[in-house]
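Protein chains: 2
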Amino acid sequence: MSTCSLDRREFLNATAGALIAAPFFASTPPPNVVLIYADDLGYGDLGCYGSRIPTPNLDRMAAGGMRFTQFYSANPVCSPSRAALLTGRYPTRVGVPRVLFPQDPGGLADSETTIAQLLKGRGYKTMCIGKWHLGRPARYMPTNRGFDEYFGIPYSNDMTPRPLMHDLDVIEEPATLETLTPRYTDQALRFIERSKGSPFFLYMPHTYPHIPLAASERFRGKSGAGDYGDAVEEIDWSVGQVLGALKSHGLDRNTLVIFSSDNGPWYQGSPGRLRGRKGSTYEGGVREPFIARFPGRIPSGRVSRAVASTMDILPTLAGLCGAPRPDKPLDGIDIWPVLSGRTATLEREALLYFDGWNVQCARLGRWKLHFARYNSDTYAPAPSGGRFNLPLPFPELYDIENDPDESYDVAPANPAVVTTIRRRVEQLLEGFPAEVQKAFKETVARQVLPTSTGALPKIKDK
Amino acid sequence: MSTCSLDRREFLNATAGALIAAPFFASTPPPNVVLIYADDLGYGDLGCYGSRIPTPNLDRMAAGGMRFTQFYSANPVCSPSRAALLTGRYPTRVGVPRVLFPQDPGGLADSETTIAQLLKGRGYKTMCIGKWHLGRPARYMPTNRGFDEYFGIPYSNDMTPRPLMHDLDVIEEPATLETLTPRYTDQALRFIERSKGSPFFLYMPHTYPHIPLAASERFRGKSGAGDYGDAVEEIDWSVGQVLGALKSHGLDRNTLVIFSSDNGPWYQGSPGRLRGRKGSTYEGGVREPFIARFPGRIPSGRVSRAVASTMDILPTLAGLCGAPRPDKPLDGIDIWPVLSGRTATLEREALLYFDGWNVQCARLGRWKLHFARYNSDTYAPAPSGGRFNLPLPFPELYDIENDPDESYDVAPANPAVVTTIRRRVEQLLEGFPAEVQKAFKETVARQVLPTSTGALPKIKDK
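Residue numbers (the working numbering), protein chains in the order written: chain C, 24 to 485; chain A, 24 to 485.
One chain only, chain C, in its complex shape:
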């Protein structure tokens, strides 16, 4: 199928999007989109999510928009999480099942369509500022993936070498860490200024609070929450600068601004009261802050408990901006009905959480079923792509609505739920790469369904 032809469902979706957007587009250009993405920021690290780190700008942004309490990254580590964000599809489908390193020859598959490509096709000016991490070879870099311009460190700040790049040129190496957030911000303000005549898409994946942590002089030692807090406070300042620029250019009422992060906190940072951290598919590794603000279009001061995912951003933007969806099955859904305040919940398929090729767990409604867990003792080398995957001898079931900490496995009391979710995952994986299906079948084949109390085998991981 070419990008010009639509199947029936896509046609209906596109039509519906156009109909909804029609009165809006009649008088205004398509909305601008600013997507700000932190790196390794925990669910509990913003003021509006209970942190003591001062984040007045993000708190104000939440007060003027909608904040989600069950928003998930598609993966608990950087590269796969970003691959899913930009394509609306699981990272195992788009060639990025694991973290990419500077010397890796690969990247996000050429056959995939990014949000930037989608919106560029709709006439948007596009820029990426910050951490790319979807492939270092030129063909995978932002300027070859739908972005007119790029500025930033192309992967994590703890990797070597550490170049600061403009498009495909290295302009500083190693990049001076404490200058990054201000320079990213400066680039963002300039891009907004020079793009104001046409619709634009600004993707701003910050370098922080990934380690090594740094903040500029103005924020160093100021947060009262260590280097991590200082870095977060500077990102909050940056968000304030971007929102201020939108306002001063008269763009804020025609711009959707989104803030989220790629995965849970690593050494420092807080997952709130959730279990697990970066790398883990427990909630603390994948549940993220998510704030969306669009004055007049998204009701202000709302908190949504809908289960949503970074993979929902592409389909939502496609609908909102009137761009055709990519001609591939999308794993995310259009969440505009929730964002616009028309509905409170979303009907959706099971959400899967991977470590490499391995499905570690699935969320369906209030339930989360674990087939495997993160375990640093278990190292399954490539080509499995699974770094820290410990298959569980029996599946564990958590009632996330009542037990967000994942403290109490209720599989033995709910065998029918276990069986249902397992079957749904099997069906869902049918369109996935062979490695994914094989890994899942092997895990399930070895698993004993939960039985009575006291009969549970011991897991050998300590």
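Among these hints, one or two may not hold up.
[Unchecked claim] Derived lysine to any residue pairs resembling SDA-like cross-links, with alpha carbons at most 20 Å apart:
1) Lys245/A x Val440/C
2) Lys245/C x Pro79/C
3) Lys245/C x Asn425/A
4) Lys219/A x Ser271/A
5) Lys245/C x Trp390/A
6) Lys245/C x Ile423/A
7) Lys245/A x Ile423/C
8) Lys245/A x Pro438/C
9) Lys148/A x Lys219/A
10) Lys245/A x Ala439/C
Since the hints were derived computationally from the structure, they do not count as laboratory data.
Computed from a predicted structure; not experimentally measured.
Fit chain A to the given chain C structure using the hints.
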């Protein structure tokens, strides 16, 4: 020094204890003591600590007594934690730096005095019911360590073989898991009944909620929080039975009842919003529920934020029951001033948290300084006794009062605090075994004191 001679401090303590207790002892016998200890129970696993597991009896006990929010086990795993509880001294001092296995030839050093020996010397009847885990050879078993009688599995229920013992005799093997809590409870009620004429000490270290989890028919599937919740609910029932027996025998106003646990939750269970679990010296591995009830002597419905430790129980009981302290340096302190409601805070030395011989961190006032952390990738074989010790390249400092999650390292902003605590720990360790001092010196020698932002070396543990 013999047990009959006292140094000046001990003399003053003993005198103070006698003076305080005098009016009480004038009309009543010394108080009975019931010490109930759960196994692998998390800080967040009781109703009165925010759990959804129904624990009405423990909640009532807290409402009728005092509940602590900063009470620490001396170690994040079973055997060392219990060694410290029964001796009032760090586990590295008493020969139990690590978990004991059934085939281990050792146990709690013969030269140590347990709470049971202390109170037996004061004329108490004594019984231990449940998990001992301080040495399997007969010389280390409860009946040779101050207890008149013993009933229970002598170590963890996941170890093989799994005998149920009465004194030194195996009466069932393997023990039937789902019968344990009711049988322990039955033994406790009988002991209370037959001891009521004299002062008694009942030490009741439960087998659960350590895995493999089990509960009797009456509680199985009832808690709504899985096998773990069922096991906790049955322990709560057991506590209710013990409190009821004390009341029906007219003993409740002359009995101090204490409830706590040995370390944080393992696979299941909730550390609340604290970081880390069993095995870790982050708060979630060592902070425990602690409830003390003594009608008329401990004010009811109080919550104490004082920093206290399982090692405080021996010195507190020595004072309260008028027993001479052991003739060794104690690491715990008498916390009766807080329990009795006379003071709110305690002046105390730094509290140390160990993995084997390794001091991983120290709490002093609001600060907790980490020299090392739990890491399952790091295996330091015997004789170090440290199983999972990862020395940190730079110490991390957390402000526990403001950051109980240990999310934000504030060492760079507080170098003087780091230096002070490090020096205090060095001094404290002077009376410790050579292995402990050596391990600490080696860790510190390799550490860089915190410097400016951005200069922190990366920790290689992922």
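Quick check: which numbered hints come out false for this structure? Structure breaks no hint.
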